[in-house]
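J.: Using our numbering, read the sequence shown as starting at 106 and increasing by one per residue.
Please note: incorrect hints may appear among the correct ones.
[Claimed, not checked] Cβ-Cβ distance ranges computed for the label pairs, FRET-style: (1) 107 x 173: 50 to 56 angstroms; (2) 174 x 138: 47 to 53 angstroms; (3) 126 x 168: 25 to 31 angstroms; (4) 119 x 165: 18 to 24 angstroms; (5) 108 x 169: 42 to 48 angstroms.
[What the hints assert, rightly or not] SDA-like, lysine to any residue: derived pairs with alpha carbons at most 25 angstroms apart: (6) 132 x 116; (7) 109 x 132; (8) 153 x 138; (9) 109 x 152; (10) 115 x 126; (11) 142 x 156; (12) 109 x 124; (13) 142 x 154; (14) 153 x 119; (15) 149 x 166; (16) 153 x 126; (17) 109 x 121; (18) 178 x 157; (19) 153 x 166; (20) 149 x 116; (21) 109 x 137; (22) 146 x 133.
Since the hints were made in silico from the structure, they are not lab data.
Even glycine gets a Cβ: it sits at the ideal position worked out from N, Cα and C.
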Amino acid sequence: MDIKTIHAIKSNPVIHSYLSVDSSWYKQLNRNPDAIKELEKVAKRHFKLTVPDRLERFVGNIEMLSSFIDVLK
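Model the full structure from these sequences, guided by the hints.
T.: In structure tokens:
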């Protein structure tokens, strides 16, 4: 694995954490260092850090806050 890929893994905590979940990516990164971009996408989907996931959590929090306000009325 080249230095650039190793640095990208160590500098990105999402990728670093995901590699402990699915270590098969090490093999892919050894063969194709440009796969780091795809790995980042997969890791974000796994940890639910994509924009739609964040919006879903935000809407869920608003709904929960709304239900608390309704209970207090």
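J.: For a C-alpha distance cap of 25 angstroms, please report whether residue 109 and residue 121 respect it.
T.: 14 angstroms, holds
J.: Quickly compare the C-alpha distance for residue 178 and residue 157 to 25 angstroms and report which way the hint goes.
T.: With Cα atoms ~32 angstroms apart, residue 178 and residue 157 exceed 25 angstroms; violated.
J.: Need the status of pair residue 115, residue 126: alpha-carbon distance at most 25 angstroms?
T.: 15 angstroms, holds
J.: Hint check: residue 142 vs residue 156, CA-CA at most 25 angstroms. Holds or violated?
T.: At roughly 17 angstroms apart (the allowed maximum being 25 angstroms), residue 156 and residue 142 satisfy the hint.
J.: Holds or violated: residue 109 and residue 124, Cα atoms, limit 25 angstroms.
T.: 16 angstroms, holds
J.: For residue 146 and residue 133, compute the direct alpha-carbon distance and say whether it is at most 25 angstroms.
T.: Cα-Cα ~15 angstroms, so holds.
J.: Does residue 109 pair with residue 152 here, judged by a C-alpha cut-off of 25 angstroms?
T.: 24 angstroms, holds
J.: Starting from residue 109, check that the Cα of residue 132 is at most 25 angstroms away, please.
T.: 16 angstroms, holds
J.: Is the distance from the Cβ of residue 119 to the Cβ of residue 165 consistent with 18 to 24 angstroms?
T.: 21 angstroms, holds
J.: Please verify whether residue 153 and residue 126 have alpha carbons no more than 25 angstroms apart.
T.: 14 angstroms, holds
J.: Do the alpha carbons of residue 149 and residue 116 lie within 25 angstroms of each other, as the hint requires?
T.: 15 angstroms, holds
J.: Please verify whether residue 132 and residue 116 have alpha carbons no more than 25 angstroms apart.
T.: With a Cα-Cα distance of about 19 angstroms, the restraint between residue 132 and residue 116 holds, given a limit of 25 angstroms.
Hint 18 from the earlier list is the only one contradicted by this structure; the remaining hints agree with it.
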